[in-house]
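> The primary structure of each chain is shown beneath.
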Amino acid sequence: MAKQSKLFDSDRPKSQDISWCPGCGNFGIRNELMDVLEEMQYSPKEVAVISGIGQAGKMPHYLEANGFHTLHGRSLPIATAAKAVNPRLEVIAIGGDGDMFAEGGNHLLHAVKRNPNITVIVHNNQVYGLTKGQGSPTSLPGMKTTTQPWGVYDEPMNSIALVVSQGCSFVARTFMGYKEETKEIIKNAIKHVGFSYVEIFQPCVTFNKVNTFMWYKNNTYFMKDHNVMDKDQAMIKAFEKDPYPLGIFYINKEKPCFDNHLPPYKDSAEPLYKREPDFNKISKKIELKRG
Amino acid sequence: MSTLNIVLGGAAGQGINTTEELLTKALKQSGFNIFATKEYMSRVRGGINTTTISISSSPVRSYREKIDILVPFTKGVVDWTGGRLSEDTLILGEKYLEQEIPDGLTHVIVEIEKLAKELGNKLFANTILSGLLFGIVKADKKALKKVVEKKFSSKGEEVAAKNVQAAEKGYELSETICKEYDFSFEIERDSSVCEDIVINGSEAVALGSLNGGCNFVSFYPMSPSTNVAVELANMAEEMGIIVEQFEDEIAASNASIGAWFGGGRGLVTTSGGGFSLMCESLSLAGMSESPVVIHLAQRPGPATGLPTRTAQGDLNLALYAGHGDFPRVMYAPSNIEEAYALSTKAFDTADKFQVPVILLTDEYLVDMYYNVGTLEVNDTVDKHIVEMNSDYKRYKLSKTGISPRGIPGYGEGIIIANGNEHDEYGDTTEETGLTTAMQEKRMKKLEGLKDEALEPFFYGNENYSVLMVSWGSTRDTVKSLVDKYEDKGLAMLHFSQVYPVYDASDYLKKADQIIAVEQNLTGQFADLIHRELDIKISKRILKYDGRQISEEFLEKELSEKGVL
Ligand SMILES: Cc1ncc(C[n+]2csc(CCOP(=O)(O)OP(=O)(O)O)c2C)c(N)n1
Ligand code: SF4
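In order, the protein sequence lines correspond to chains U and A.
Heads up: the first sequence is residues 1 to 291, going by my numbering.
Heads up: the second sequence is residues 1 to 564, going by my numbering.
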């Protein structure tokens with residue numbers, strides 16, 4: 001892959017030894033993300049990419065930005081907290097569909113509810129990549145896998161409907177093959193204050209022979225004249241398939257943002273690592289116990 | 001008489017806590033040392049809960065079962081406390097309890113409910129009772145009045161005045177019955193106690209953590225650890241800290257790792273069941289070298305066990321939680337002063353060594369309270385972090401195993417943390433050389449941690465023949481036995497840090513007999529000593545019925561073992 005952004009392209013010894021398969025959709029998402037960050041004039045030190053486990057989860061190693069490659073499904077609580085203590089940091093959580101929906105499903109639900117000011121990017125390749133091709137929560141019925149040799153028979157999870165139904169603050173879906181549109185969506189998600197959910201269709205050229213690059217091209221379209229403020233409309237769109245709508249489904253400006261209610265930032269936006277505890281107040285608390 | 005044990009027993013929701021609060025505050029204000037511990041059932045209404053309040057001329061730190069005065073608030077209490085009663089016990093209770101009192105015990109009928117109704121509301125009963133008990137020990141009437149006024153002032157002048165009247169009624173009642181039944185409990189007072197603070201274990205952990213620079217608290221509710229979160233949540237606004245209840249313990253512990261990564265100082269508070277869910281994140285902390293502080297308030301297990309009871313059964317869980325090898329630290333505070341001091345220290349150790357630090361308390365410790373002089377407050381917190389340069393390496397190999405830890409946004413560089421095996425920058429690796437070096441680097445910290453391990457507390461006869469080995473909240477009860485039987489060659493060695501264990505071989509080898517005292521079924525700490533110090537402790541005094549080891553229990557066990 002041609003290098004796109006210089007600023008976010010790392011030169012650490014291992015960072016160019018990218019372990020994704022040639023042709024994998026992860027490359028496109030990486031390039032789009034690097035471009036967006038550069039275009040938005042972030043510097044690497046202002047950004048933290050927190051990932052779970054999976055092929056998508058390897059992202060922090062292939063970027064020049066702060067990163068934490070955590071555990072399967074656990075990026076959201078970690079990202080939420082990192083943002084809470086360090087509000088000036090632009091925090092992006094990254095994971096695959098297995099990572100975010102299966103192992104991390106409960107965290108996703110609660111991140112939507114808690115609404116921290118972070119952006120989550122779900123690489124949805126409708127299969128488990130890193131563990132070599134098992135069915136994922138979004139695999140389509142009929143897809144034969146090593147562990148579902150009879151073919152997947154259950155209804156795939158509708159994550160867009162799920163998060164819209166919970167009043168998620170920002171909900172979008174795109175396909176990495178649409179470079180400019182995807183960049184625009186990621187930009188909007190980052191700018192949005194609150195929990196921004198961005199699902200990106202991504203071909204897994206090795207294990208998913210159903211949902212190929214062309215399949216995504218042929219089975220998706222960008223919504224036009226869709227009112228992003230209208231939850232009912234978003235819900236209807238969320239249930240549409242063949243083709244799948246892309247674009248911003250829903251923006252909820254009413255939802256209280258977690259970070260706006262955190263006591264440390266009443267008077268100052270200074271990150272917590274720059275502060276000292278107020279020992280006088282602790283003394284006073286102890287003094288009160290004399291009474 | 002130097003110490004009086006009053007036990008209040010009743011159903012949950014009957015207001016024992018109000019009486020306890022009024023009484024202990026006012027007693028302390030009058031110059032008595034106080035100590036209170038409770039036992040309660042896992043239910044919101046009904047059942048039987050008791051509080052033991054020790055009133056003394058000198059500081060009380062250990063638990064005695066003996067009851068001098070029992071106040072049953074409901075039927076069934078006398079039976080429930082049966083084993084703790086003796087001919088000397090005085091039972092103060094309503095007439096309808098009479099048929100429950102076994103022969104030979106003294107029952108003084110007090111018609112508090114009637115008095116309360118006469119005053120206009122049965123809710124006054126708790127205040128009357130406080131006055132009554134207060135009068136029995138001839139405490140300072142003014143102190144009671146002050147405490148009652150303060151407690152009810154928020155409910156309006158009239159309510160406050162009525163309650164003061166109720167307290168006075170109780171006090172008068174005590175004078176009549178003391179005369180009538182001819183008893184008196186004279187306990188010497190010490191005016192310096194009036195200036196003491198009264199604090200419980202949960203508050204000590206909460207304040208100790210703040211003193212250690214804690215500014216991010218994540219948890220999922222579970223008894224008996226929740227009160228620490230409650231304390232901190234109530235201070236969050238004032239202290240400018242973040243306190244968040246997460247969706248489960250998995251999220252709570254991972255959030256704490258995220259908080260430390262971002263530059264915060266996170267505390268997680270939980271109990272065994274919750275800690276079980278945190279094993280995964282403990283491993284992540286181990287691999288990513290993230291500082292972590294987990295307060296683990298023990299209760300009996302396995303599974304949901306006895307939710308409101310006490311135990312020391314989670315040592316092995318905390319010791320072995322997480323897969324793969326990585327160092328950790330486990331403190332086990334003995335009492336409230338240590339709960340405070342070690343909560344503070346936990347943050348410094350976690351930060352300095354970038355390892356998980358587990359603070360093992362238990363239900364008994366977090367729920368107990370007593371008066372103490374003061375608690376020292378820091379004037380600074382050492383933050384062991386560095387400003388990153390452009391070639392910053394998060395996992396730089398070093399002699400001590402410690403690599404300087406950066407914070408995103410601090411300095412020109414960037415930081416890559418990783419739960420996969422990694423190179424010095426933090427990027428994933430599978431190279432054999434690096435894989436070996438990184439594991440050894442992480443484990444190297446154990447040497448430094450051993451050097452800093454807390455020395456155990458030795459107490460007793462210097463020429464001891466019997467050495468009791470204990471850890472955690474049993475210290476002061478064990479100590480009371482040493483005080484009593486020092487002449488029989490008794491001594492104790494108590495550990496407030498259970499891992500890494502201080503090398504106390506010299507003490508242990510000198511003893512003719514070593515006896516481990518623990519509140520679990522197998523003697524988990526004795527086994528750890530065997531593993532770590534190669535000294536076998538086969539004699540064990542173990543209690544695992546969910547109730548705290550008492551002086552009486554220990555005395556009986558020691559005599560059964562032929563020691564006394
Ligand atoms: C607790 C835990 N369970 C299972 C695994 C194994 N595992 C690694 S990645 C993965 C699934 C990856 O699929 P997905 O999240 O869709 O990401 P992709 O690799 O397709 O990008 C699994 C099951 C793990 N690492 N940790
Ligand atoms: S296995 Fe699939 S998802 Fe993983 S790198 Fe290869 S193509 Fe991409």
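No wet-lab data here; the hints were simulated from the structure.
Hints may contain errors.
[As the list claims (entries may be wrong)] Quick list of simulated restraints, FRET-style, between CB atoms:
no.	chain 1	residue 1	chain 2	residue 2	range
1	U	MET235	A	GLU421	42 to 52 Å
2	U	TYR153	A	GLU421	32 to 42 Å
3	U	MET235	A	ASN121	46 to 56 Å
In this text, a Cβ means the ideal position worked out from N, Cα and C, and glycines have one as well.
> Run every hint past the structure and note whether it holds.
Verification of the hints:
no.: 1; hint: U:MET235 - A:GLU421: 42 to 52 Å; result: holds (44 Å)
no.: 2; hint: U:TYR153 - A:GLU421: 32 to 42 Å; result: holds (38 Å)
no.: 3; hint: U:MET235 - A:ASN121: 46 to 56 Å; result: holds (55 Å)
Consistency with the previously given hints is maintained throughout, with no hint failing.
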